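Novice: Keeping their order, the protein sequence lines are chains G and X. For the first sequence, the tail end lands on 113 under this note's numbering, and the numbers increase by one without skipping. For the second sequence, the tail end lands on 108 under this note's numbering, and the numbers increase by one without skipping.
In short, the hints are calculated from the structure, not lab data. Where hints are given, some of them may not hold.
[To be verified] Some chain G residues judged to face chain X by a derived CB distance under 7 Å, without partners named: (1) G41; (2) L44; (3) Y49; (4) I53; (5) Q55; (6) E101; (7) G107.
[Stated by the list, open to error] 30 Å max Cα-Cα, derived DSSO-like pairs, lysine-lysine: (8) K79/G x K79/X; (9) K95/X x K80/G; (10) K80/G x K107/X.
[To be verified] Coverage of chain X stretches by chain G, computed from C-beta distances (three or more under 8 Å per stretch; other residues unrestricted): (11) 22-35; (12) 43-50; (13) 98-104.
Keep in mind it's a predicted model, so treat the numbers as computed, not measured. We treat Cβ as the ideally placed atom computed from N, Cα and C, and that holds for glycine.
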Amino acid sequence: SQTIHQWPATLVQPVGSPLSLECTVEGTSNPNLYWYRQAAGRGLQLLFYSVGIGQISSEVPQNLSASRPQDRQFILSSKKLLLSDSGFYLCAWSVTGAFTEAFFGQGTRLTVV
Amino acid sequence: RKEVEQDPGPFNVPEGATVAFNCTYSNSASQSFFWYRQDCRKEPKLLMSVYSSGNEDGRFTAQLNRASQYISLLIRDSKLSDSATYLCVVTIPGKLIFGQGTELSVKP
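Make a model of the complete structure from these sequences and hints.
Specialist: Given below as structure tokens:
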């Protein structure tokens, strides 16, 4: 069966520090991969999605970047965090080439102080 | 206009009540439709897919009207455990777009 791992679960980082969140999927090949952010009390905002290695689409211009160095690995990064980057970051995967549902990791709760 | 819009909520209902959530989407190229449930401080989890013919899963019924670009979710005989935020989701090529969610609170 397929599983998705996302870490760390919680993170407190000072303003101006770098960020790296990692997500890996097991049990499937060439998945679509997604990074979402959810601000407190708000809906999910799509940040990046990827349909293959090295293929990243950005939805919202901001202080973040994403990379997909391997088929089932998706990384969210920032060189310098802002207070507004605080939120609940969620990685998800779906079956490639199909309009199917997505399955989420447990999320990372990031607080920038 | 947002790509996916839901009732703002919150909905506060007694146990046993029937509650309906509505959702509209703006992109006519949308292909698939889902309802997700999100518990407080947890990741969203798939509740059910939504098909043009309508579909039912126990106390939950989902409907899709492609002409009106409208999706609904009906929960019958509400339970305390149904308290959560319900998210409407639409797929367009390559990505899933979420509504902002509607919070449901079921009271004894």
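Novice: Check each numbered hint against the structure and report the violated ones by number, ascending.
Specialist: 1, 4, 5, 8 and 10
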